Amino acid sequence: AQSVSQHNHHVILSEAASLELGCNYSYGGTVNLFWYVQYPGQHLQLLLKYFSGDPLVKGIKGFEAEFIKSKFSFNLRKPSVQWSDTAEYFCAVNRDTGRRALTFGSGTRLQVQP
Amino acid sequence: DGGITQSPKYLFRKEGQNVTLSCEQNLNHDAMYWYRQDPGQGLRLIYYSQIVNDFQKGDIAEGYSVSREKKESFPLTVTSAQKNPTAFYLCASSSTGATEAFFGQGTRLTVV
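Those protein sequences? They're chains W and A, same order as listed.
Residues 1 to 114 in the numbering used here are what the first sequence lists, from first letter to last.
Residues 1001 to 1112 in the numbering used here are what the second sequence lists, from first letter to last.
Just so you know, not all the hints are guaranteed correct.
[Stated by the list, open to error] Distance ranges between label pairs, derived from CB positions: (1) A:Tyr1010 <-> W:Gln111: 42 to 48 Å; (2) A:Asn1018 <-> W:Gly53: 45 to 51 Å; (3) W:Lys71 <-> A:Gly1016: 29 to 35 Å; (4) A:Lys1071 <-> W:Pro79: 41 to 47 Å; (5) W:Thr30 <-> A:Asp1059: 18 to 24 Å.
Honestly, the hints are just simulated from the structure, not real lab data.
Keep in mind that this is a model prediction, so the values were computed, not measured.
All residues carry an ideal CB built from backbone N, CA and C; glycine is no exception.
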């Protein structure tokens, strides 16, 4: 079975600081990779996704993520965070075949201070 | 507006009672999912259904049951056998081709 690890549980940054959130997964086969965001009081929304092709993926609101296959990683980045980026961020994977349900990491709570 | 509707938003029940959480989608998606969200544990898969009249156990199915009699509906019953039912429950759906899932607003269940 696949699993996802997010090592940063709680990150506190000042506005304009750069962000990198780590995500590692364990599964030997082909996977699809996702980052979701949950703003306070709102439903889970897709930030970006990787299925194949260019390993550098750009998403909404200036976020990007890089898939490094050799490291089983899919880290999320943003050059300059804003107060409105305060939210919980979840990395998720699913398989290309068989069980297609997403497997999520434990989440990273990002707090951006003005 | 297309989307996933979960009701109610907040639910309170006494210990020992079964409770059913509603999930309806009008996105014409084949697959539907139930997740449980607890602080610091992310989302854990309870049950999923890839097609009408078929469903599979997820990673934490004990104490839960589901049905999938209609494509648009996937209700979850939290039974009295679930040892720690107080949690935030999220329903999601996805189409056959695309693999990303779309989520409802969630139901916060409190058992007292």
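Exercise. Okay, which hints does this one fail, numbers in order?
Worked result: Numbers 1 and 3 - these are the hints that the structure violates, sorted from lowest upward.
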